[in-house]
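> Each chain, letter by letter, is given below.
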Amino acid sequence: MIRAGGVVLRAVGVTKEFGGLRALDGVSLDLRPGEVHGLIGPNGSGKTTLLNLLSGYYEADAGHVLLDDLDLSREPVQCRAALGVARTFQTPRLLGSLSVLDNAMLGGWPDVGASFVGTALALPRARREETEIRERARALLEGLGLGYALDRRANLLEHAEQRFLEIGRALVLRPRFLMLDEPAAGLTIAEIDYLGEIIGVIRESGVGVLLVEHHTDFVFRTCDRVTTLDLGRMIAHGTPEEVRKDPEVVRVYLGT
Amino acid sequence: MTASSPWRGALPRLAGGLALILLPLVVSNQYHLHLASLIGAFWILVAGLNLVVGYTGQLSVGHVGLLAIGSYTFAILAGKHGWDPILTTVVAGLVCGLCGFLVGLPSLRLPEFYFAMSTLAFGLIVTELAVARTELTGGGVGLPAPFFPGPLGTPSGFYWLILAAAGLVTWLTWNVTRFMWGRSLVAIRDSPVAAASVGVPVFRAKLTVFVFSGVTAGVAGALFSSLQSYITPDTFHFELSLFFFVSIIIGGRGSILGPFVGTAVLTALPELVAPLAKLGTFFYGLLLLLVVLLVPEGVGRLVQRVIAALRPPVVEHHAIRPDLDRLRAALRAGARR
Numbered sequence: 001m002i003r004a005g006g007v008v009l010r011a012v013g014v015t016k017e018f019g020g021l022r023a024l025d026g027v028s029l030d031l032r033p034g035e036v037h038g039l040i041g042p043n044g045s046g047k048t049t050l051l052n053l054l055s056g057y058y059e060a061d062a063g064h065v066l067l068d069d070l071d072l073s074r075e076p077v078q079c080r081a082a083l084g085v086a087r088t089f090q091t092p093r094l095l096g097s098l099s100v101l102d103n104a105m106l107g108g109w110p111d112v113g114a115s116f117v118g119t120a121l122a123l124p125r126a127r128r129e130e131t132e133i134r135e136r137a138r139a140l141l142e143g144l145g146l147g148y149a150l151d152r153r154a155n156l157l158e159h160a161e162q163r164f165l166e167i168g169r170a171l172v173l174r175p176r177f178l179m180l181d182e183p184a185a186g187l188t189i190a191e192i193d194y195l196g197e198i199i200g201v202i203r204e205s206g207v208g209v210l211l212v213e214h215h216t217d218f219v220f221r222t223c224d225r226v227t228t229l230d231l232g233r234m235i236a237h238g239t240p241e242e243v244r245k246d247p248e249v250v251r252v253y254l255g256t
Numbered sequence: 001m002t003a004s005s006p007w008r009g010a011l012p013r014l015a016g017g018l019a020l021i022l023l024p025l026v027v028s029n030q031y032h033l034h035l036a037s038l039i040g041a042f043w044i045l046v047a048g049l050n051l052v053v054g055y056t057g058q059l060s061v062g063h064v065g066l067l068a069i070g071s072y073t074f075a076i077l078a079g080k081h082g083w084d085p086i087l088t089t090v091v092a093g094l095v096c097g098l099c100g101f102l103v104g105l106p107s108l109r110l111p112e113f114y115f116a117m118s119t120l121a122f123g124l125i126v127t128e129l130a131v132a133r134t135e136l137t138g139g140g141v142g143l144p145a146p147f148f149p150g151p152l153g154t155p156s157g158f159y160w161l162i163l164a165a166a167g168l169v170t171w172l173t174w175n176v177t178r179f180m181w182g183r184s185l186v187a188i189r190d191s192p193v194a195a196a197s198v199g200v201p202v203f204r205a206k207l208t209v210f211v212f213s214g215v216t217a218g219v220a221g222a223l224f225s226s227l228q229s230y231i232t233p234d235t236f237h238f239e240l241s242l243f244f245f246v247s248i249i250i251g252g253r254g255s256i257l258g259p260f261v262g263t264a265v266l267t268a269l270p271e272l273v274a275p276l277a278k279l280g281t282f283f284y285g286l287l288l289l290l291v292v293l294l295v296p297e298g299v300g301r302l303v304q305r306v307i308a309a310l311r312p313p314v315v316e317h318h319a320i321r322p323d324l325d326r327l328r329a330a331l332r333a334g335a336r337r
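First to last, the protein sequences are chains Y and D. Take my numbering: the last position of the first sequence gets the number 256, and nothing is skipped along the way. Take my numbering: the last position of the second sequence gets the number 337, and nothing is skipped along the way.
Among the clues, some could well be false.
[Unchecked claim] Ranges of calculated distance between the beta carbons of each label pair, as one might list FRET restraints: (1) Y/N43 to D/G16: 32 to 40 Å; (2) Y/C79 to D/L288: 55 to 63 Å; (3) Y/G113 to D/L98: 20 to 28 Å.
[Unchecked claim] Derived, one-sided and incomplete: chain D residues facing chain Y with beta-carbon distance under 8 Å: (4) V131; (5) S184; (6) S197; (7) G199; (8) L327.
Quick caveat, the hints were computed from the structure, so don't treat them as lab data. Note that the structure is a prediction, hence the values are computed from the model and not measured. Each residue gets a CB set at the ideal place from its N, CA and C atoms; glycine is no exception.
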C-alpha cells in the first residue's frame with residue numbers, strides 16, 4: 001500500500017503541438033493517490049492528448065511530467081508502466097486470439113524477472129512468476145465480474161466485457177496510477193453503475209485514478225476533483241460542485 | 001497458453017514422440033529416412049523462425065541466409081579444418097545467433113514491410129557472397145561437408161541426433177510461448193500499443209527472438225549440410241526461404257503444431273508426389289494463395305474450428321456483475337510495497 005499522501009503524478013505546464021496546431025497549451029494537473037480525478041471537455045479539447053503525455057505515448061514540446069521528484073518527461077511508455085502508471089484505451093486494445101485470462105496476465109509483465117533463456121528452459125523462476133501472475137489475474141477478473149469468461153477468446157467478448165477486461169489488465173500491473181480513457185463509452189446504465197463502484201474500490205485501495213469521460217453526470221458523481229479543458233487550455237479546476245457551477249464550463253461544455 | 005491443464009493432450013504428444021523415435025526401425029526405404037531427417041533439420045530452423053513470424057509477427061523472408069551461414073560454417077570448420085562436428089554445430093548456432101543480432105539490430109526498428117525487404121536483401125547477399133568468396137566457400141563448385149563420427153554417421157543415428165535436437169528446440173519454443181514471454185510476443189504482433197502500455201520492451205523482445213531464431217537456423221544449417229554431404233551456393237536458393245515462411249503461414253500463426261505439419265507436408269509432398277515436384281515454386285505459391293484466401297488463420301486454426309463446430313461451446317449470456325469484496329481483497333493482496 002502507498003503511504004498516505006504518497007507519490008503524486010504531475011503534469012506541469014505541458015504543451016503539445018501537432019503540425020502547428022496546439023493541442024495542449026501549458027496545462028498542469030496532478031493526480032494524487034487514493035483520489036479520482038475527472039478530466040472533461042468538448043471533443044478536441046486535448047483530454048486524450050494529456051493522457052498520452054502522462055502515459056508516455058507523446059513527448060511534451062514544453063513542460064514536464066513528474067512522478068514525485070522523478071522527471072519522466074523523456075522516459076518511454078515502458079518505463080512509466082514499470083513505475084506503476086497504467087492505462088486503458090478509448091477503443092479496447094485486446095489480443096483477440098488469446099483467452100481473457102491470458103489478456104489480463106499480460107499486465108503482469110513488469111513483474112517478470114525471468115530472462116528469455118530462463119523462460120525457454122522453464123527454470124523455476126519463470127514457473128513461479130507465471131503462477132503468481134495467473135493467480136493475481138484470476139482473482140482480479142473474478143472481482144471485476146469476469147470470472148465466468150476466463151477461458152473465452154477475447155475476440156468473442158461483448159463490449160462491456162472488453163472494457164472491464166482492459167481495466168483488469170491494467171490492475172494486474174499493480175498500478176499506482178490508473179488512467180481510464182472514456183471507460184463508460186458504450187456501456188448500459190447498469191454497467192456504468194458497476195464501473196462507478198469498481199472505480200470506488202480502486203480508489204479505496206490507494207490508487208490514483210484519472211477519468212477521461214464525456215459522460216458528465218458520471219464524472220461529477222464519481223470524482224473527487226474535476227479538471228475541464230477547452231481548446232488545449234484548462235478553463236476550470238476544483239470539486240465537482242465548483243466545476244459544475246463554473247460559468248465558463250457551462251458556456252463551452254455543459255450548456256444551459 | 002490457455003488456463004487449462006498443461007497435461008491436456010499429453011497422451012497424443014507422447015504417442016507422436018514415440019512414433020518419431022521408432023521411425024528408423026519401421027522405415028525400410030533409406031530415402032524416406034533421409035526425407036524424415038531433412039524435415040527435422042528444416043523444422044529446427046522453422047521452430048525458431050516461428051517465434052519471429054508466427055508469434056511476434058515480424059515477416060522475415062531471409063532465413064535462408066542464416067541457414068547458408070550455418071552450413072558453410074560447418075563445412076569449413078568441420079570439413080576443411082577437422083573440428084569436431086558436434087562442437088562445430090554448436091559454434092554454427094552461435095555464429096548465426098551473432099549474425100541474427102547484427103541483421104536484427106538495424107532492421108527490426110523498421111516498419112513491417114521494410115523489415116521484410118531488409119531480410120530479403122540479407123538472404124540474397126549471403127548467397128552472392130558464397131559465390132564470390134571462392135577461397136573460403138569454394139565458390140560455385142561448393143564444399144563437401146563431413147558426416148558425424150561413429151554411430152551418429154549412420155542414417156538412423158543421424159536421424160536420432162536430428163530428432164533429439166529438434167525435440168529440444170521444440171521444447172524451448174513451447175516454453176517461451178506458454179509463459180509470460182509468449183503473451184508479450186503475441187502482444188507485439190497484435191497490438192504493439194497495448195504491449196508498450198504494460199511495459200513490454202518491444203524492440204528488445206523482437207531482437208531477442210530474432211537472435212534465437214538465428215541460433216536455431218545455424219544449428220539447422222550445420223545438420224543440413226552434413227545431411228546433404230555437399231553444399232554449393234545453389235543449395236540455398238531463395239525459394240527455400242519462401243518455403244520456411246509458407247510453412248508457418250499455412251500451418252497458422254501462433255501455433256507450434258501447425259507450422260510443424262506445414263514443414264513436414266511441404267518437404268515431403270513434392271518429393272513423394274512426382275508431378276508436384278515439377279511445379280516447384282508454383283506449388284508453394286498456389287498453396288499460399290489458397291490458404292491466405294480461404295483460411296487466412298492457417299490450416300491449424302481450420303482444424304480447431306472444425307473441432308469446435310462439432311462440439312459447440314455453450315456460450316451463455318452473462319451480465320457482468322462485479323464482486324466488490326473479492327476485488328477489494330485482490331487489490332489488497334497485489335498491492336505494491
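> Now tell me if each hint is right for this structure.
Each hint, compared with the structure:
1. The beta-carbon spacing between Y/N43 and D/G16, approximately 57 Å, falls outside the hinted interval of 32 to 40 Å.
2. At roughly 41 Å, the beta-carbon separation of Y/C79 and D/L288 lies outside the given 55 to 63 Å, and the hint is violated.
3. Between Y/G113 and D/L98, the C-beta spacing of about 26 Å keeps the proposed range 20 to 28 Å intact.
4. Interface restraint check for D/V131: the shortest CB-CB distance to chain Y comes to about 35 Å, outside 8 Å, so the restraint is violated.
5. Annotation: interface hint on D/S184 holds; nearest CB of chain Y at approximately 6 Å, less than 8 Å.
6. Restraint check, D/S197 versus chain Y: the minimum CB separation of about 6 Å is within 8 Å; hint holds.
7. About 3 Å separates the beta-carbon of D/G199 from the nearest beta-carbon of chain Y, less than 8 Å, and the hint is met.
8. Look at D/L327: its Cβ gets to within about 3 Å of chain Y, closer than 8 Å, so that hint holds up.
Of the numbered hints stated above, those contradicted by the structure are hints 1, 2, 4, listed in ascending order.
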